[in-house]
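Asker: Make a model of the complete structure from these sequences and hints.
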Amino acid sequence: MRLSICTDVMGNLSFTEMLDKCVKLGVEGIEMTGGGWSRAPHFRADELLADKALLRTKLKEIEARGLQIAALNCSANPLDPGAMGKRHRKEMEDTIRLAGEIGVKTIVTMSGLPEAAPGDTVPNWLVYTKSWPDEMPERDRYQWEDRAFPLWHDLVKHGKEAGIEKYALENFSAMLVWNPETLFRLRNEVGPTVGMNLDPSHLMWMGADPIASARALGSAIHHCHGKDTRIERGLADINGLLELKDVTDVANRTWNYVAVGAGHDLQWWKEFFSVVRMVGYNGWVSLEMEDFTMSTEAGIQSSIDALQATISR
Numbered sequence: 001m002r003l004s005i006c007t008d009v010m011g012n013l014s015f016t017e018m019l020d021k022c023v024k025l026g027v028e029g030i031e032m033t034g035g036g037w038s039r040a041p042h043f044r045a046d047e048l049l050a051d052k053a054l055l056r057t058k059l060k061e062i063e064a065r066g067l068q069i070a071a072l073n074c075s076a077n078p079l080d081p082g083a084m085g086k087r088h089r090k091e092m093e094d095t096i097r098l099a100g101e102i103g104v105k106t107i108v109t110m111s112g113l114p115e116a117a118p119g120d121t122v123p124n125w126l127v128y129t130k131s132w133p134d135e136m137p138e139r140d141r142y143q144w145e146d147r148a149f150p151l152w153h154d155l156v157k158h159g160k161e162a163g164i165e166k167y168a169l170e171n172f173s174a175m176l177v178w179n180p181e182t183l184f185r186l187r188n189e190v191g192p193t194v195g196m197n198l199d200p201s202h203l204m205w206m207g208a209d210p211i212a213s214a215r216a217l218g219s220a221i222h223h224c225h226g227k228d229t230r231i232e233r234g235l236a237d238i239n240g241l242l243e244l245k246d247v248t249d250v251a252n253r254t255w256n257y258v259a260v261g262a263g264h265d266l267q268w269w270k271e272f273f274s275v276v277r278m279v280g281y282n283g284w285v286s287l288e289m290e291d292f293t294m295s296t297e298a299g300i301q302s303s304i305d306a307l308q309a310t311i312s313r
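Okay, so the sequence shown: first residue is 1 according to our numbering, each after it adds one.
The hints are simulated quantities; they were obtained by calculation from the structure and are not laboratory data. Idealized CB from N, CA, C, for every residue including glycine.
Keeping only pairs whose Cα atoms sit at most 27 Å apart, straight-line, the calculated DSSO-like set for lysine-lysine is:
no. : residue 1 : residue 2
1   : Lys-24    : Lys-270
2   : Lys-160   : Lys-86
3   : Lys-52    : Lys-86
Here are the in silico distance ranges between beta carbons for each label pair:
no. : residue 1 : residue 2 : range
4   : Gly-119   : Lys-60    : 45 to 51 Å
5   : Arg-56    : Ser-312   : 34 to 40 Å
6   : Ala-212   : Thr-296   : 28 to 34 Å
7   : Asn-282   : Lys-24    : 22 to 28 Å
8   : Leu-126   : Leu-59    : 38 to 44 Å
9   : Asp-154   : Ala-117   : 20 to 26 Å
10  : Lys-60    : Ser-173   : 36 to 42 Å
Answerer: The structure is reproduced here in structure tokens:
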């Protein structure tokens with residue numbers, strides 16, 4: 001496995017500064033964000049599709065530094081029933097097109113989350129029992145069969161036409177696909193082009209064991225994020241793990257995203273990557289740094305150090 005970094009964390013830097021920073025950090029790859037919720041300016045799909053000279057210039061700068069594009073990332077909700085859903089779907093399609101033009105084979109994205117019934121105006125994450133109240137089974141069926149399956153059949157077809165080999169869906173909360181079981185529900189319908197971007201940090205606060213999740217996923221692991229979570233002692237015991245406080249309110253949250261090694265020690269990370277490699281994944285591990293308990297610089301450097309010490313080569 002090789003180390004890359006999701007460039008969102010360096011969105012304040014120019015494209016050239018970002019690349020030079022990556023070289024200095026010692027990563028081999030970059031996971032470039034091209035749309036959706038990302039505000040990073042470095043590799044916007046719509047911009048580069050419209051300006052092929054700019055695209056060639058940026059690719060030459062990447063190559064000149066010995067870096068590779070690990071994946072294109074478009075974290076988005078293409079199933080949102082409002083205007084955002086239409087915009088996000090277009091940006092996902094632009095990202096797919098761009099990946100096809102430059103030979104990138106993996107798209108990191110999200111499954112999307114629709115409304116719970118026709119006419120609803122906001123997405124609805126149905127994570128309580130689908131057997132009660134009585135309307136729940138139909139809400140569950142509608143979200144998957146009427147909304148998610150048609151979209152992903154289309155995206156898989158679109159991706160194959162562009163030469164995309166893997167969609168890596170992040171197991172993120174407030175998405176239809178948020179754990180291995182929901183990933184396989186979609187994958188069994190639309191085929192093996194769809195797999196998981198295994199991000200252990202989300203599984204940690206959901207109460208799952210990412211090492212067991214990796215074993216269950218096997219060849220369905222299409223990408224991997226290096227990101228840690230710390231369950232905050234005392235607070236989680238009182239309020240549980242369904243945390244609604246702002247991510248910057250770190251002192252009062254029951255859990256926080258933290259630099260790699262600040263939530264789980266390096267022995268845990270060695271076992272995690274060993275199992276991920278054992279079940280067949282030998283691709284990129286991409287640092288996604290969202291630690292608000294320390295400076296960005298410190299979080300990036302300590303995470304890089306931890307990942308370099310634990311990734312299975």
